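K.L.:
Sequence:
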Amino acid sequence: MKLLYANTVGGENTVADALEQSDACDQLDDEGKAFAEELFEGTRTHLERIDAMISAHATGWTFERIAKVDLSILRLATFELLYRDDIPEGASINEAVELGKRFGGEKSAKFINGVLGAISKAKD
Numbered sequence: 001m002k003l004l005y006a007n008t009v010g011g012e013n014t015v016a017d018a019l020e021q022s023d024a025c026d027q028l029d030d031e032g033k034a035f036a037e038e039l040f041e042g043t044r045t046h047l048e049r050i051d052a053m054i055s056a057h058a059t060g061w062t063f064e065r066i067a068k069v070d071l072s073i074l075r076l077a078t079f080e081l082l083y084r085d086d087i088p089e090g091a092s093i094n095e096a097v098e099l100g101k102r103f104g105g106e107k108s109a110k111f112i113n114g115v116l117g118a119i120s121k122a123k124d
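Letter 11 of the sequence shown, counting from 1, is numbered 11 in this note's numbering, and no numbers are missing.
Everything labelled a hint here was simulated from the structure, so no lab data went into it.
Mixed in with the good hints, there may be bad ones.
Said to hold, decoys possible - Okay, derived cross-link-like pairs now, SDA-like style, lysine to any residue, Cα gap no bigger than 25 angstroms in a straight line: (1) LYS68 x GLU38; (2) LYS121 x ASP85; (3) LYS121 x ARG65; (4) LYS107 x SER55; (5) LYS68 x ILE93; (6) LYS101 x LEU82; (7) LYS121 x ARG84.
As the list claims (entries may be wrong) - Here are the computed distance ranges between Cβ atoms for each label pair: (8) GLN27 x SER55: 28 to 34 angstroms; (9) LEU28 x LYS68: 21 to 27 angstroms; (10) ASP30 x PHE63: 34 to 40 angstroms; (11) GLY32 x GLU106: 28 to 34 angstroms; (12) ALA67 x PHE35: 24 to 30 angstroms.
None of these values were measured; they are calculated from a predicted model.
The C-beta atom is built at its ideal place from N, Cα and C for all residues, glycine as well.
Modelling step: build the complete structure from the supplied sequences, incorporating the hints.
P.N.:
Here you go:
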């Protein structure tokens, strides 16, 4: 999520650049870094479809109004929901809600849960 946020607000950094600039680098072993890179690159590769899904299911919100932190969380979780069968949907949604509580605003967790719930139903 931090990598996506840094990329959203800071430009076109590579995964290595974003990891180096954040504290996430210190907290991950090689396997964790590889997994983070897979999620980051996968999300960026499918960003057009991911953003379309978020936009379609963020009822009452224009895409531009979504806070950048919430958008980063939604992008990551939407990638997991759409493209990562090895990650249970419930785990993706729950982790996204927890990230919203930790890094987002007062209503982020509820918003994230609602959007991801709608995306989960729509994709099936």
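K.L.:
Going through the earlier hints one by one, which of them does the structure break, listed in rising order?
P.N.:
none
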